[in-house]
Structures are given as C-alpha cells and as structure tokens.
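S.K.: Chains as they are written, first to last, in the UniProt record's numbering: chain L, 1 to 191; chain R, 1 to 181.
Possibly wrong hints are sitting among the right ones.
[What the hints assert, rightly or not] Listed next, the stretches of chain R that the computed footprint assigns to chain L, with coverage defined by at least 3 CB atoms under 8 Å from CB atoms of chain L:
hint : segment
1    : 4-16
2    : 138-148
[Stated by the list, open to error] Quick list of the computed label-pair ranges, beta carbon to beta carbon:
hint : chain 1 : residue 1 : chain 2 : residue 2 : range
3    : L       : GLU167    : R       : ASP108    : 51 to 57 Å
4    : L       : PHE117    : R       : ALA9      : 58 to 64 Å
5    : R       : VAL23     : L       : LYS127    : 27 to 33 Å
6    : R       : VAL12     : L       : MET121    : 44 to 50 Å
7    : L       : GLU110    : R       : ALA159    : 49 to 55 Å
8    : R       : ALA9      : L       : SER120    : 50 to 56 Å
9    : L       : VAL38     : R       : SER72     : 23 to 29 Å
10   : L       : GLU23     : R       : ASN7      : 18 to 24 Å
11   : R       : SER72     : L       : SER22     : 34 to 40 Å
12   : L       : ASP138    : R       : VAL157    : 52 to 58 Å
13   : R       : ASP110    : L       : PRO165    : 52 to 58 Å
[Unchecked claim] Here are the simulated lysine-lysine pairs, DSSO-like style, with alpha carbons at most 30 Å apart:
hint : chain 1 : residue 1 : chain 2 : residue 2
14   : L       : LYS137    : R       : LYS113
15   : L       : LYS94     : R       : LYS113
16   : L       : LYS127    : R       : LYS113
If you're looking for bench data, these hints aren't it; they were derived computationally from the structure. Even glycine gets a Cβ: it sits at the ideal position worked out from N, Cα and C.
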Amino acid sequence: GAESRGAGMSGVFASFAKQLWSEVKTHGPTAIRLGCLVNVIHTYGMEVTMCLGPSMLPTFNHRGDVVLMERVSVLVDGVENGDVVIARSPANPKHTVCKRVLGRQGDHIEVPTAGNFGGSMRVRVPKGHLWLQGDNKDNSTDSRDYGPVPYALLKGKVFAKVWPPAEAGWVRNERWRSVRVGEADGGGRAV
Amino acid sequence: MLRRAANVAFTVPVFITINDCIVSVARADASEPRENIWGGPRETGEASSSSPSPGTSARLVLLDRVTPRTFSFARGDVVYLRSPSNQDRWVTRRLVALEGDWVTRAADDDVTKVPRGHCWIERVEAGTGDRDEDGRAVPLALLDARVSHVLWPPSEVGAVRRKTRPGRVLMRTTEVDPSAP
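Isolated chain R, as found in the complex (with noise of 0.2 Å):
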C-alpha cells in the first residue's frame, strides 16, 4: 500500500515536468473582448467591451511550452505571458515583431524600434485602427509559452494559425535566426 503510494508520489513530477517544459493547458483570458481567433470579425457588439457578454466563454487553449526553451518564436505566433503590468494576470498576445525590427504602431503610425532581447507584442485582434491597440515591447524571456491549439470551445478547435501585420512591420535585413543575441 506505501509502496504504491510511493510509486505514484514519485511519478507526480513527470507530470509537472511535462505541464512545464512541453505542453499545457490554459484558459485565455475571457473577460476581454477577444476577436474569433481565426480572424474574424467580432461575434459580440463592439459596444460591449466593458462586460463580457452573455454567452462568452471561457476559451482553453494548448500551450507548446518547447518553444520558449528553443526561443524559436516566429513573428504571427500567439503567445501566452504573464502581464508586465500585473504579475498576477495571463494573457494572450500576437507576437508581431522581433529585436530589431521596425514597427510602426497602429494608433497614431509612429515607428519605433524593438530593443535588443524584446519583442512586440499586440492584442490578438486584427487592426480596426482603435486606440486601445497600440502594442508595446516585453522582454523575449517573458513570454512563456505559444498558444498552439484552441480546445474549447468546439466552434473554435483548431490550431492557431500564424497571422502577421502586413505593411506595419520593418524586418531586420539579415535572415534572423530568432535565438541570436
């Protein structure tokens, strides 16, 4: 009987091991007005940013948690991090640039350069020109996983497509490999 509960304790960190280091579940954020993750348009009102509104979801979605160890992110991934301005929240992003590169913001078609070991991340949302989307740049090491697959709910299974922002990004000329200091 201790044997085998001591046989299944011992088998508990593959599993958390597993959760951390290669794949995982999560629940994206529901509480902000998200787009149909294909790129569609907005299935809710846009009035109705500021509560979530009937018949909204929670959205599970499967984490690839081998990507940031190999830092092999791509410019369209979505990926998943803890908010820089509130440790304690998730959220969900579009990475839209890498080091290096020029972005020019949606909002008032400013260019900014992305620092040395940062990345541009935006909302996943399509560009409606709104103010409320201008992105910011976060340290690479931030990011903690990609969002590979939607699991839930079944109107959107599917895995997540790459999706980058013609025209507002300027990439670094030499082919960059994205794990290069």
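In isolation and in its complexed conformation, chain L is listed as follows (with noise of 0.2 Å):
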C-alpha cells in the first residue's frame, strides 16, 4: 500500500484520499437520494420557511417569523381569497413575498390605497393573475406597486406559523379583506 513506500506526504495525502473515495462510494448515492427526496417534498409537499418584515403585522412579526408553507394548494389551483401565500417577487427574482391574496383572476376589487390619506381604489384583476396585499397596508410593497401577480409566481401558502412558540398555531384565511365590488350599479358590495 501507499503506507509501505515509506514516510512522504504524498503517501499519506494518497491513502487519506483513497479512504475519502470509498466514504463516498458507499454513502454518496443514499445521500444524493435523500438530497433529492427532500428536495421533492420541498416542490410538491411542505416546506419550512421565514416570513420576514413589516407587511404583514399584525399577522406576523417584522422580525420575522418561521412559517410553514404548502405547495399543494398552489398546484392544483386551491388558492382562495385571503389566504395568505409566498411568492417570487416581480420586482426582484431573487426575493420572495409573503402576502395574502385579495383578489383572483377576474374579480372586481376594491382594495385601500397606499399612504396617510386612507382611500381606496377599484380593481379588475386580469386574467392568469392575481391581486397579493400585505396585512399592514401603511407599509407594505404589493400589488399596489407592483400590479396584479402572474399566478405561475405563486410558491406556496402558509397555513402555519411554528416561531415564536408564543404565537404559533394556524394561519386563518382571512375572506373578509377581499371586498368584491358589484359591477353593474359601482356601488354595492357583493362579497
């Protein structure tokens, strides 16, 4: 063996790496199935993942809170009003926004303008997209800057909140933000 050659570095550099080798033969496929099977429940299951910042208080902190997302929803087309998803940011494809959904594709909405003034605004959210707003309207960067929100974008809803342990438990959905706006008198509100 390499040892027998005599005292060398390269002797000991050899069989550490020829000992290296066959760790990862023995572990390296059972790893890379689990890296993968892991990664699978990430795509099509569950998820656990962090709600960061002001746009949601009070539903959650803006420290942030540990959240645990589910992507089925997504996949088959279950998202309702007023829940609350994860998104890939429009402005930035990096980031992800935590917001809850106000209105769907071909709703009629009315939802607050951004500011000190209060007020709202009427919205017809266009086809394939959805209208995401977070809870603290004062500070919160949503579809009011950014427009209505492909649906492909969405990532998953969260539907429990686990850190801080004082606050945990499930994330409602909150049908009552979504104010659906009758279209044939503009006035009356059909919810």
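Using the supplied hints, reconstruct the complex from the two chains, each of which is provided in its own coordinate frame.
M.R.: Quick look at the structure:
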C-alpha cells in the first residue's frame, strides 16, 4: 500500500484520498437520493420558511416568523381569496414575498390605497393573475406597487406559524379582507 | 421483493429532481403557427394561421433548467414559461431584452423601458411587422426554462441559437450581469 513506501507527504495524502473516495462510494448514492427526496418534498409538499418584514403586521412579526408553507394548494389551483401565500417577487427574481391574496382572476375588487390619507381604489384582476397585498396596508410593497402578479409566480400557501412559540398556530384564511365590488351598480358590495 | 420496490421508490425523487432542476423534455406549442426555429421563413402559408395545417407535427425540445436557477439568461435566448394570461398553458418565446433596457415595439415604434425584475419577450418568429407580434414585459421569475435544443422533428434537430433583434433594443450601458438586482 501507499504506507509501505515509506514516510512522505504524498503517501499520507494518497491514503487519505483513497479512504475519502471509498466513503463517497459507500454513502454517496444514499446521500444523493436523500437530498433529492427532500427536494421533492419541498417542491411538491411542504416547506419550512421564514416571513420577514413589516408588511404583514399584525399577522406576522416584522422581526421574522418561521412558517410552514404547503405547495399542494398552488398546484391544484386551490388558492382562495384571503389566503396568505408566498410568491416570487416580480420586482426581483431572487426574492420572495409573503402576502395575502385579495383577488383572483376576473375579480373586481376594492383595495385601500397606500399612504396616510386613506381612500381606496377599484381594480379588476386580469386573467391569469392574482392581487397580493400585505395586511399592514400602510407599510407594504405589494400589488399596489408592482401590479397584479401572474399565478405562476406563486410558490405556496402559508398554513401555520411555528416560531415564535408564543404565537404559534394556524394561519387562517381571512376572506373578509377581500372586498368584491358589484359591477352593475358600481357601489354595491358582493362578498 | 419489497426491498427492491423500496429501492426503486427511493430512486424516483432523483429523476424528479433532475427533471425539475437540470434538464427535461417538453412539447413546444404546436397549435400556433411557428417559424422554422432556425429563423427561416415559415413553411406553411400565412393564411393558415388559425388552424394547424396538415403536416404540422409536435415539436419536442430539450429544456435547460439550470439557467433560470442561476439567472444567467441572455438576450436572444428562447425561453419556456407559463403564459401569464392563462396559467394552464405553457408557451415558448424569445427573450429580447432584460431589465433596464429600452425596447422599440415592432408594431408601432413606441419605446418602453423594461421594469425592474422583468424581461421583454416576443414570439419566436423574426420580424415581419405584424400587429400580433407585439411583445410584453413579464417578471423574470416567471421564466421556467431555456430551450436549448430541438429533439423532434428530425428536420429541426439541433441547438437553438440565440437571435437578437438588432436595432430594436437599447441595452443598459453598464454591462449588465443579468443576475444583478
């Protein structure tokens, strides 16, 4: 073996490399399969992720909450008005945003405008898109800034909060936040 | 027997991961009239655009799924994405411009700036000045894959080349790392 050739740095490295390679060969395939299994669970099942920022106060902390997100609802088009979702940001493909769905395609809704003077505006959500808005309307960059978001940018639906422990619990659908506007009379409200 | 089944089941996620993250095969939209992807003139007549002409077969393409993960798209790539106006349909388009570029629309010479985080896509066919050629800006995150090769029909097999639209795109002057925010 390499050791019998006598002392020398190359001998030590060679035996180390041989041992490393045999460890990789033994455990490598299992590690790869396990990694891919985790990847599949994350992509099609559930993922643990974090929601950061003041835009979803009081539902989520601005210091960051750890939440559970499930992918199934998005895959089967089961996302409803009032659900909290995580989506890829239209303004920066590397970021994600955590917001609530206030309107689905075809909905005619009334949303509060950003800013300190209150007021609201009416929006019709185009086909294939969703209207996302933060619960903290005064401090949230959302569809009021970057427009309705294509459905394909959705990653998953947030269904539970697990950290901080004092606030752990289910994240509920708050349908009352989505205000639908009747079209014919222009003033009636149909929920 | 059970052990073998477990073994097989344990390997399935590997193929799913390869399909999602590295490379996969897909059928490119055969219902809309498409040019010869090499950039040549359309084989079928212009008038037959509403229904697939006989002899239009499905096109199988190889999708590169590494590029969207590293955000290394380049102008002129053919990309694969879910249609923003209909989430059940997948379409192929040519990526003409990246964020910060100014694009001159083919139809009416209007100039638009591509917003932050978005890119400008148009139909793959080269310019003929048709009204229905107008592109649109979509979020870069919407792009699912880059079409790297055509696998079927045999007459079109080969790598898909980048084709830019000369004269219509004013690129950002600081040379852009496409993954910069």
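S.K.: Decide, hint by hint, whether the structure agrees.
M.R.: Right, here's what the structure says about each hint:
no. : hint                            : verdict
1   : 4-16                            : holds (count 5)
2   : 138-148                         : holds (count 6)
3   : GLU167/L / ASP108/R: 51 to 57 Å : holds, 53 Å
4   : PHE117/L / ALA9/R: 58 to 64 Å   : holds, 59 Å
5   : VAL23/R / LYS127/L: 27 to 33 Å  : holds, 31 Å
6   : VAL12/R / MET121/L: 44 to 50 Å  : holds, 48 Å
7   : GLU110/L / ALA159/R: 49 to 55 Å : holds, 51 Å
8   : ALA9/R / SER120/L: 50 to 56 Å   : holds, 53 Å
9   : VAL38/L / SER72/R: 23 to 29 Å   : holds, 25 Å
10  : GLU23/L / ASN7/R: 18 to 24 Å    : holds, 21 Å
11  : SER72/R / SER22/L: 34 to 40 Å   : holds, 36 Å
12  : ASP138/L / VAL157/R: 52 to 58 Å : holds, 57 Å
13  : ASP110/R / PRO165/L: 52 to 58 Å : holds, 55 Å
14  : LYS137/L / LYS113/R             : holds, 28 Å
15  : LYS94/L / LYS113/R              : holds, 21 Å
16  : LYS127/L / LYS113/R             : holds, 24 Å
The earlier numbered hints are all upheld by this structure, with none contradicted.
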